[in-house]
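Could you slot chain Z onto chain W? The hints should help.
Chains as they are written, first to last, in this note's numbering: chain W, 1 to 257; chain Z, 1 to 288.
Worth flagging that the hints you see were computed from the coordinates, not collected in a lab. Hints should not be assumed to be uniformly reliable.
[Stated by the list, open to error] In silico PhoX-like links for lysine-lysine, alpha-carbon gap of 25 Å or less:
1) W:K77 - Z:K282
2) Z:K71 - Z:K283
3) Z:K261 - W:K49
4) Z:K86 - W:K42
5) W:K49 - W:K242
6) Z:K112 - Z:K70
7) W:K42 - W:K89
8) W:K42 - Z:K261
9) Z:K288 - W:K49
10) W:K50 - Z:K79
11) Z:K288 - Z:K103
12) Z:K277 - W:K50
13) Z:K43 - W:K49
14) Z:K261 - W:K77
15) W:K247 - W:K228
16) W:K50 - Z:K42
17) Z:K166 - W:K117
18) W:K247 - W:K204
19) W:K58 - Z:K261
20) W:K49 - Z:K86
21) W:K117 - W:K50
22) Z:K107 - Z:K286
23) W:K49 - Z:K42
24) Z:K261 - W:K242
25) Z:K249 - W:K58
26) W:K77 - W:K242
27) W:K42 - Z:K277
28) W:K139 - W:K117
29) Z:K70 - Z:K277
30) W:K77 - Z:K80
31) Z:K203 - Z:K249
32) Z:K167 - W:K117
33) Z:K70 - W:K77
34) Z:K80 - W:K50
35) Z:K112 - W:K49
36) Z:K167 - W:K50
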Amino acid sequence: MKKTMVLLLVFTTAFCTLSWGLEVFTPVLNSGDWWEIEVIQKNVFNNVKKWSSPFVLKYTVSKADTEKYTIDITEAKDGNQVGQLIILKAGFKLETVYYYRRVQGEVLRQRIDFDRKTKAPVISEVSFIPYSLPVFPLKKGSSNSENLLESVPQKEKFLSMKTSSGDKFKFRRSFSQQTVNSTVLTTLESAEAIELIEEVGEAKLADGYYVTVKDSFLGEKIEQLWKKGYPWFLYSKNSNLKAKLIKHSSAANGGEK
Amino acid sequence: MRSKMTGLLVFIFLLTAFAPLFPAGEVVSKVVPWSGWWWPRKKCQLAKAGWLSKSPLDKYEMAFPTVDGKKNMAVDWEKKYHSTRKSWHGHCNGWSAASIMEKEPVKIKKYKGIEFGVSDQKGLLTESFMVTRYHFFGTRYNGRGDNFDDIYPHVFQYLLMENIQKKGIPIVMDMSADESVWNYPVYAYKMDSKSKGNKVKVKLRIWACDDNVDMNFVGTQYLTKDYTYTLFMDDSGTITGSEWTGRSKKDHPDFVWIPYKNIPPHEEDSDENPWVKYPLLKKMFKLK
Numbered sequence: 001m002k003k004t005m006v007l008l009l010v011f012t013t014a015f016c017t018l019s020w021g022l023e024v025f026t027p028v029l030n031s032g033d034w035w036e037i038e039v040i041q042k043n044v045f046n047n048v049k050k051w052s053s054p055f056v057l058k059y060t061v062s063k064a065d066t067e068k069y070t071i072d073i074t075e076a077k078d079g080n081q082v083g084q085l086i087i088l089k090a091g092f093k094l095e096t097v098y099y100y101r102r103v104q105g106e107v108l109r110q111r112i113d114f115d116r117k118t119k120a121p122v123i124s125e126v127s128f129i130p131y132s133l134p135v136f137p138l139k140k141g142s143s144n145s146e147n148l149l150e151s152v153p154q155k156e157k158f159l160s161m162k163t164s165s166g167d168k169f170k171f172r173r174s175f176s177q178q179t180v181n182s183t184v185l186t187t188l189e190s191a192e193a194i195e196l197i198e199e200v201g202e203a204k205l206a207d208g209y210y211v212t213v214k215d216s217f218l219g220e221k222i223e224q225l226w227k228k229g230y231p232w233f234l235y236s237k238n239s240n241l242k243a244k245l246i247k248h249s250s251a252a253n254g255g256e257k
Numbered sequence: 001m002r003s004k005m006t007g008l009l010v011f012i013f014l015l016t017a018f019a020p021l022f023p024a025g026e027v028v029s030k031v032v033p034w035s036g037w038w039w040p041r042k043k044c045q046l047a048k049a050g051w052l053s054k055s056p057l058d059k060y061e062m063a064f065p066t067v068d069g070k071k072n073m074a075v076d077w078e079k080k081y082h083s084t085r086k087s088w089h090g091h092c093n094g095w096s097a098a099s100i101m102e103k104e105p106v107k108i109k110k111y112k113g114i115e116f117g118v119s120d121q122k123g124l125l126t127e128s129f130m131v132t133r134y135h136f137f138g139t140r141y142n143g144r145g146d147n148f149d150d151i152y153p154h155v156f157q158y159l160l161m162e163n164i165q166k167k168g169i170p171i172v173m174d175m176s177a178d179e180s181v182w183n184y185p186v187y188a189y190k191m192d193s194k195s196k197g198n199k200v201k202v203k204l205r206i207w208a209c210d211d212n213v214d215m216n217f218v219g220t221q222y223l224t225k226d227y228t229y230t231l232f233m234d235d236s237g238t239i240t241g242s243e244w245t246g247r248s249k250k251d252h253p254d255f256v257w258i259p260y261k262n263i264p265p266h267e268e269d270s271d272e273n274p275w276v277k278y279p280l281l282k283k284m285f286k287l288k
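Extracted from the complex, chain W is given alone in its bound form (with noise of 0.2 Å):
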């Protein structure tokens, strides 16, 4: 009995101490906060220019209940509104997209809505609107320490870090009326995160936490870095897109940076 009374002991201080070791990110918004984020998108168009012209795409939270943000989307240089998110803070998991779309001489608004109890990132697909998240809260010193970048990186580290095998999650994607499963991975790797530290510096990837997502149906990968204390990732990329984020305004925290 107190053999077992001390083995309880030594195993419930040794998960406190783990737990106490374990940091994790979730990200907190307040209603009136907003960010802009820069996005170029492929040319396909255009053999000559391969990524088109930047354009900045602004999201302000426009409510934030006790349940769920609202997050509107515009466009920065005409002010008009593209799309909108829903996002339950439990999670920071995304609830629903809304799309504001042109056809035939009508702005329709199309509804996207995701499966709020399972647990898998989500993907944009290949959106011009970047909202693809990854499973909150990120994780750091857990067994996917690999995940994450612990301090500024020299791009020779880099290189020679390990990648780790990630978590798998299922994800229902419908297709017609039947339901298919496709795998995504969250995985880590490093050799990419070169342009990570051309995009946005070495100081900015400290302490920074670098995801990849890989969806084995759309054959997309995608490749985002976030941080605490930003709304939102610092950078995002997949085949078709490039977004960063390059202003931020908290009303918690003093405004505009």
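Below, chain Z without anything else, positioned relative to chain W:
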């Protein structure tokens, strides 16, 4: 006996699991795009009158002698940047986007006393939709070293079902698997399939809106294309891959895109005539 039973059960499972993947009969989108001429760049007909008394851009310059306080140079720009290109270079992407996003011009409209026929209106809309915000799937094949097989058939089927069946809105596909690009809005499809083990063999027919029409054509002239492919699935019904088969190995869609919003061109993009302003066209043709 036991293995026969297992085989039968697996067969029944595969039959019931995969059958609903394929809708019977034709599936037609709620929105049907309109046909329009593809304005080949070699002829530069948007700027050069030819047998037309005035080209669409001539009339546009007459209607708006100045744009943003500068002399309207739409004709010169078109002659400089949208002519003397390869034989297949044209305006098919602009027409494809316009035919989904705008109502079809069906009658003559007058602005400042200038008559704009159906061909003028379709031509100017086509030019102003050359640059749009779009969702894009697959990769463009530009020659050796690029992936010729992409777009893969399971992704293509998924896009047909998600957009034409579920949302009722057409998609645009590059019908040519090689370096040339021939964009067409696809608004209907039909599928037949046969399952064998973990493979599903599919015959697909798509209906695309045609741009090989008279400049003043009104309505939708269609063309059809037939494709064959195999889907590979695991025992749980998850699609693990797919491949084009038969003639479709060499003749299949290259990429798919879905236009969402018309945007003003960036000067350096040079894919859209920067003098043709969409807000001016909206005003001129009383578009919503």
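Hints and how they fare:
Straight-line distance between C-alpha atoms of K77 (chain W) and K282 (chain Z) comes to about 19 Å, which keeps the hinted pair within the 25 Å bound. A distance of roughly 19 Å separates the Cα atoms of K71 (chain Z) and K283 (chain Z); the hinted pair therefore holds under the 25 Å criterion. A distance of roughly 21 Å separates the Cα atoms of K261 (chain Z) and K49 (chain W); the hinted pair therefore holds under the 25 Å criterion. Distance restraint check for K86 (chain Z) and K42 (chain W): the Cα-Cα separation of roughly 22 Å lies within the 25 Å cut-off, and the hinted pair is therefore satisfied.
As the CA atoms of K49 (chain W) and K242 (chain W) are separated by approximately 15 Å, the hinted pair is consistent with the 25 Å bound. A hinted pair counts as satisfied when its Cα atoms are at most 25 Å apart, and K112 (chain Z) with K70 (chain Z) qualifies at roughly 19 Å. A hinted pair counts as satisfied when its Cα atoms are at most 25 Å apart, and K42 (chain W) with K89 (chain W) does not qualify at roughly 33 Å. At roughly 16 Å between alpha-carbon atoms, K42 (chain W) and K261 (chain Z) fall within 25 Å of each other, so this suggested pair holds.
Simply put, K288 (chain Z) and K49 (chain W) have alpha-carbon atoms about 33 Å apart, too far for the 25 Å limit, and the pair is violated. With a C-alpha separation of about 23 Å, the suggested pairing of K50 (chain W) with K79 (chain Z) holds against the 25 Å cut-off. Under the criterion of a C-alpha separation no larger than 25 Å, the hint pairing K288 (chain Z) with K103 (chain Z) is consistent with the structure, at around 10 Å. A C-alpha spacing of about 24 Å is found between K277 (chain Z) and K50 (chain W), which places the hinted pair at or below 25 Å, so the restraint holds.
A C-alpha spacing of about 24 Å is found between K43 (chain Z) and K49 (chain W), which places the hinted pair at or below 25 Å, so the restraint holds. Note on K261 (chain Z) and K77 (chain W): the hinted pairing holds, with a Cα-Cα distance of about 13 Å set against a maximum of 25 Å. Annotation: proposed proximity of K247 (chain W) to K228 (chain W) holds, straight-line Cα distance about 15 Å (limit 25 Å). A hinted pair counts as satisfied when its Cα atoms are at most 25 Å apart, and K50 (chain W) with K42 (chain Z) qualifies at roughly 23 Å.
Proposed proximity of K166 (chain Z) and K117 (chain W) is supported: the alpha carbons are some 23 Å apart, at most 25 Å. Proposed proximity of K247 (chain W) and K204 (chain W) is supported: the alpha carbons are some 14 Å apart, at most 25 Å. Under the criterion of a C-alpha separation no larger than 25 Å, the hint pairing K58 (chain W) with K261 (chain Z) is consistent with the structure, at around 16 Å. Using a Cα cut-off of 25 Å, the hinted pair K49 (chain W) and K86 (chain Z) holds, with the two alpha carbons roughly 17 Å apart.
Taking the CA atoms of K117 (chain W) and K50 (chain W), the gap is about 39 Å. The hint is violated against a cut of 25 Å. The suggested pairing of K107 (chain Z) with K286 (chain Z) holds, with an alpha-carbon distance near 13 Å, which does not exceed 25 Å. For the suggested pair K49 (chain W) and K42 (chain Z), the alpha carbons sit about 21 Å apart, so the restraint of at most 25 Å is met. About 19 Å separates the Cα atoms of K261 (chain Z) and K242 (chain W), which keeps this hinted pair within 25 Å; it holds.
Straight-line distance between C-alpha atoms of K249 (chain Z) and K58 (chain W) comes to about 43 Å, which puts the hinted pair past the 25 Å bound. Our distance criterion of 25 Å between C-alpha atoms is met by K77 (chain W) and K242 (chain W), whose separation comes to about 18 Å. Restraint check for K42 (chain W) and K277 (chain Z): satisfied, since their Cα atoms lie roughly 23 Å apart, inside the 25 Å limit. Pair hint K139 (chain W) plus K117 (chain W) holds up; C-alpha atoms about 20 Å apart against a cutoff of 25 Å.
This hinted pair checks out: K70 (chain Z) and K277 (chain Z) have alpha carbons roughly 13 Å apart, not beyond 25 Å. Under the criterion of a C-alpha separation no larger than 25 Å, the hint pairing K77 (chain W) with K80 (chain Z) is inconsistent with the structure, at around 28 Å. Among the hinted pairs, K203 (chain Z) with K249 (chain Z) is consistent with the structure: their alpha-carbon atoms are about 13 Å apart, no more than 25 Å. Among the hinted pairs, K167 (chain Z) with K117 (chain W) is consistent with the structure: their alpha-carbon atoms are about 24 Å apart, no more than 25 Å.
Simply put, K70 (chain Z) and K77 (chain W) have alpha-carbon atoms about 22 Å apart, close enough for the 25 Å limit, and the pair holds. Distance check on the hinted pair: K80 (chain Z) and K50 (chain W) sit about 21 Å apart at the alpha-carbon level, within 25 Å; holds. Between K112 (chain Z) and K49 (chain W) the CA atoms are separated by roughly 38 Å; this puts the pair beyond 25 Å, and the hint is violated. Note on K167 (chain Z) and K50 (chain W): the hinted pairing is violated, with a Cα-Cα distance of about 31 Å set against a maximum of 25 Å.
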